[in-house]
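Chemist: Spelled out, the chains give:
Protein chains: 2
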Amino acid sequence: MKFTCQKTELVQALQIVSKAAASKPQMPVLSGIYLKAEQNQLELQATDYEIGIICHIEAEVEEAGTIVLSSRYFQEVTRSLPGETVSFDYDAAAQITRITSASANFQLMNMPANEFPTITQLTGTLSFTIKDNILKDLIKKTAFACSTDEARPVFTGCLLEVGESAVTMVATNTHRLAFKKENLDNLNGSIKIIIPARILSELQRIMVSEIPEEVKIICTYNQISFAFDNLYLTSRLIEGQFPDYHRVIPTDFKTRVTLETAAFLAAVDRVSLIARAGEYNVIRLEFGAGQVHIFSNNPEIGQAEENVPAVIDGPDVNIAFNAKYVTDVLKTITSEQFYFSLNQTLNPAAIREMDNELFIYIVTPVRTAH
Amino acid sequence: MKFTCQKTELVQALQIVSKAAASKPQMPVLSGIYLKAEQNQLELQATDYEIGIICHIEAEVEEAGTIVLSSRYFQEVTRSLPGETVSFDYDAAAQITRITSASANFQLMNMPANEFPTITQLTGTLSFTIKDNILKDLIKKTAFACSTDEARPVFTGCLLEVGESAVTMVATNTHRLAFKKENLDNLNGSIKIIIPARILSELQRIMVSEIPEEVKIICTYNQISFAFDNLYLTSRLIEGQFPDYHRVIPTDFKTRVTLETAAFLAAVDRVSLIARAGEYNVIRLEFGAGQVHIFSNNPEIGQAEENVPAVIDGPDVNIAFNAKYVTDVLKTITSEQFYFSLNQTLNPAAIREMDNELFIYIVTPVRTAH
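Protein sequences, first through last, are from chains A and B. For what it's worth, our numbering labels the leading residue of the first sequence as 31, then goes sequentially. For what it's worth, our numbering labels the leading residue of the second sequence as 31, then goes sequentially.
I should point out that these hints are in silico values taken from the structure, not numbers from a laboratory. Warning: the hint list may mix true and false statements.
No copy labels: a pair is met if it fits in one copy or bridges any two.
[To be verified] Capping the alpha-carbon separation at 30 Å, the derived lysine-lysine pairs in DSS-like fashion look like this:
id, residue 1, residue 2
1, K170, K211
2, K49, K354
3, K361, K211
4, K284, K354
5, K54, K361
6, K170, K222
7, K211, K54
8, K361, K222
9, K66, K37
10, K354, K37
11, K354, K211
12, K161, K32
13, K32, K66
14, K66, K284
15, K354, K222
16, K37, K222
17, K354, K246
18, K222, K284
19, K66, K211
20, K32, K246
21, K66, K354
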């Protein structure tokens, strides 16, 4: 195998693909990057069996072939190269690849390419396309609400529901739930699957195009793939029954509060400086008299309080939350104002964006002594 | 105690002073920041008995007094404040301090101010002033060469020698040595002390003035202080005998190589990507035929090599070094070219700046199988 490509393109491709390389590999070759050069194209692959990423870049291929290089050293070496282009030359007898760029010459040991479990493109019964900015928003507004507790796998992923005319994404860790819907008209078939948060956060990180692009999604009963630009991502799905989220979302609220997003977020962030040191990160909110009084205390550190103006429709409410469950969602809200909807002190509350019926966030309050 | 000050000034002062607060305090109050308000001035102090820092900022003092607040929470709270000014009000009965800034209200628990070991200004037999840019350069060119091994304390600090007309700073970890001299004409007395690298790196970090300022240094047999701007730093000295560095610096070299600083540093950095994975981080240098061939290998990863043009006066030399001992010093060199002076394969080598006789760096080679 022998080829030349652009250094910056290779560095970018490696940054993306390497996220799928295993850090604690079941077999050594899974910590490597698989390279295939043919027909003026270089294909890079990495997989840890859970997720897989393929990226294609242009290359001047003199001799086709496949190799596997250690993800870590391949990345470090590539980033350090001084030239604009990089040339690769595989020496099959010595099992090494020579990497040359301007004055720099490296030789990296190869891993056995025939042992690498190359990713096969998914073919499934359900496929649809979605604009990347819409997909990104679905992820951004829900994936943060997932659990990180591997003991209960269904909560470590987002539920994706494809219906006749809409796509819905839902995530919950049982203490909070985020729901986001998008109306789409090109759907043919329905599905209900749980996608690991890990592949969604990789997608979110990678989708950086300035002009909206189409992402092609293919689902099977146990796998999903995303194809766009020069990239192909695939992931196993999470098995299990996602809870019936309709039962979790209250149908009506007695009190609806309108708040300035930035001012309220900044105040909660400040007040929670004191709460954070405690075990449950509890802030108390007292809605009444045209304002919300935000309060936290910790007997060993001190206390914090702040008032933020609020438009309150309905009875006054005193309620307490884990501060992180409030700030996490506010960081995803782009409208200048938002609604905080409440019932009683111990009932779940809702956070909604202004003028957006397609998003809702439910948070369970914390019981406090006061 | 009651006073008001500017938020940004307080944040900056806290950033500096807090570096002297103890992270693992011998007694709890040493993890705090001592505040003294009087005569339109706020004094901040922190010390862990080894080093101490005092900073003064302007304040509108309504009621003089002293308090001690937890360094961690005081910093976090201050940084988060929304207003331009901050007001402090100490409630002696409750042992709390109220902190108010725009809409934000905090109450922080106090530590007992009478238990705080306030820093007393040093008076010593030897004192002199030095421009901060000169002091910074003395530190930058030597302190990196110190050891971090606390088992041999003398190597964890820089030797400061004040003579009749020059100040010299020297650091070594026994494998390398950095020497820097500055000619000064305002010295009255001589001294030879070992200053902990920690206070020197704090100084280097703090000295950010654009216009050179005078730093007043006072030395006693076991302490040193640095005063400039609104700051006062003090540190214990390291006891013990610093090795006779004159014996370590070779008087002549058979080969003198002139190299481009940036090109050689970049090449050594790249080649050492492979060396770094090994235990001793070894790079080999072959000086000859108008170039230096830089080489490293690791049987498990691969190898790297690069040639850099060199002007070689004297016999060819093949030699090996710990790559870090070469790159560390090159990062402090500002001249476009530098001299690498060598004798035989196993003799110490020297690195010097172009046109600067006042700096020399000695590095011991590594024995290799080749």
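Chemist: Decide, hint by hint, whether the structure agrees.
Modeler: Tested hints:
Only within a single protomer do K170 and K211 lie at most 30 Å apart by alpha-carbon distance; the minimum there is 12 Å, versus 57 Å between protomers. For the identical chains of this complex, K49 and K354 are neighbours both inside a copy (27 Å) and across copies (29 Å), given an alpha-carbon limit of 30 Å. In the homo-oligomer, the alpha carbons of K361 and K211 lie at most 30 Å apart inside one protomer (19 Å), although the nearest pairing across protomers, at 54 Å, exceeds that limit. Within a single copy, K284 and K354 get their C-alpha atoms as close as 24 Å, which meets the 30 Å cut-off; across copies the closest is 66 Å, which misses it.
Neither within a single protomer nor between protomers do K54 and K361 lie at most 30 Å apart by alpha-carbon distance, with minima of 33 Å and 35 Å respectively. In this assembly of identical chains, K170 and K222 lie within 30 Å of each other by CA distance solely inside one copy; the values are 19 Å within and 61 Å between copies. Taking the shortest Cα distances, K211 and K54 never come within 30 Å of each other, neither inside one copy (36 Å) nor across copies (50 Å). In this assembly of identical chains, the alpha carbons of K361 and K222 lie at most 30 Å apart only when taken from the same copy (28 Å versus 57 Å across copies).
When the C-alpha separation of K66 and K37 is checked against a cutoff of 30 Å, the pair qualifies only within one copy, where the shortest distance is 17 Å, while the shortest distance between copies is 57 Å. Taking the closest pair of Cα atoms, K354 and K37 come within 30 Å of each other only across two copies (26 Å); inside a single copy the shortest separation is 41 Å, beyond that limit. Only within a single protomer do K354 and K211 lie at most 30 Å apart by alpha-carbon distance; the minimum there is 23 Å, versus 54 Å between protomers. Proximity of K161 to K32 under the C-alpha cut-off of 30 Å is found in neither arrangement, the shortest distances being 37 Å within a copy and 58 Å between copies.
Proximity of K32 to K66 under the C-alpha cut-off of 30 Å is restricted to the intra-copy arrangement: shortest distance 10 Å within a copy versus 71 Å between copies. With identical chains, the CA atoms of K66 and K284 are never at most 30 Å apart, being 61 Å at best within one copy and 51 Å at best between copies. In this assembly of identical chains, the alpha carbons of K354 and K222 lie at most 30 Å apart only when taken from the same copy (29 Å versus 55 Å across copies). Taking CA atoms no more than 30 Å apart as the test, K37 paired with K222 passes in neither setting, with 41 Å inside one copy and 52 Å between copies.
Proximity of K354 to K246 under the C-alpha cut-off of 30 Å is found in neither arrangement, the shortest distances being 34 Å within a copy and 48 Å between copies. Within a single copy, K222 and K284 get their C-alpha atoms no closer than 33 Å, and across copies no closer than 77 Å, so neither meets the 30 Å cut-off. In this homomeric assembly, K66 and K211 never come within 30 Å of each other (Cα to Cα): the closest approach is 39 Å inside a single copy and 57 Å across copies. For a Cα distance limit of 30 Å, the shortest separation of K32 from K246 qualifies neither inside one copy, at 32 Å, nor across copies, at 64 Å.
Taking identical chains as interchangeable, the C-alpha atoms of K66 and K354 are never at most 30 Å apart, the minima being 45 Å within one chain and 36 Å between chains.
The structure fails to meet hints 5, 7, 12, 14, 16, 17, 18, 19, 20, 21 from the earlier list, while all remaining hints are met.
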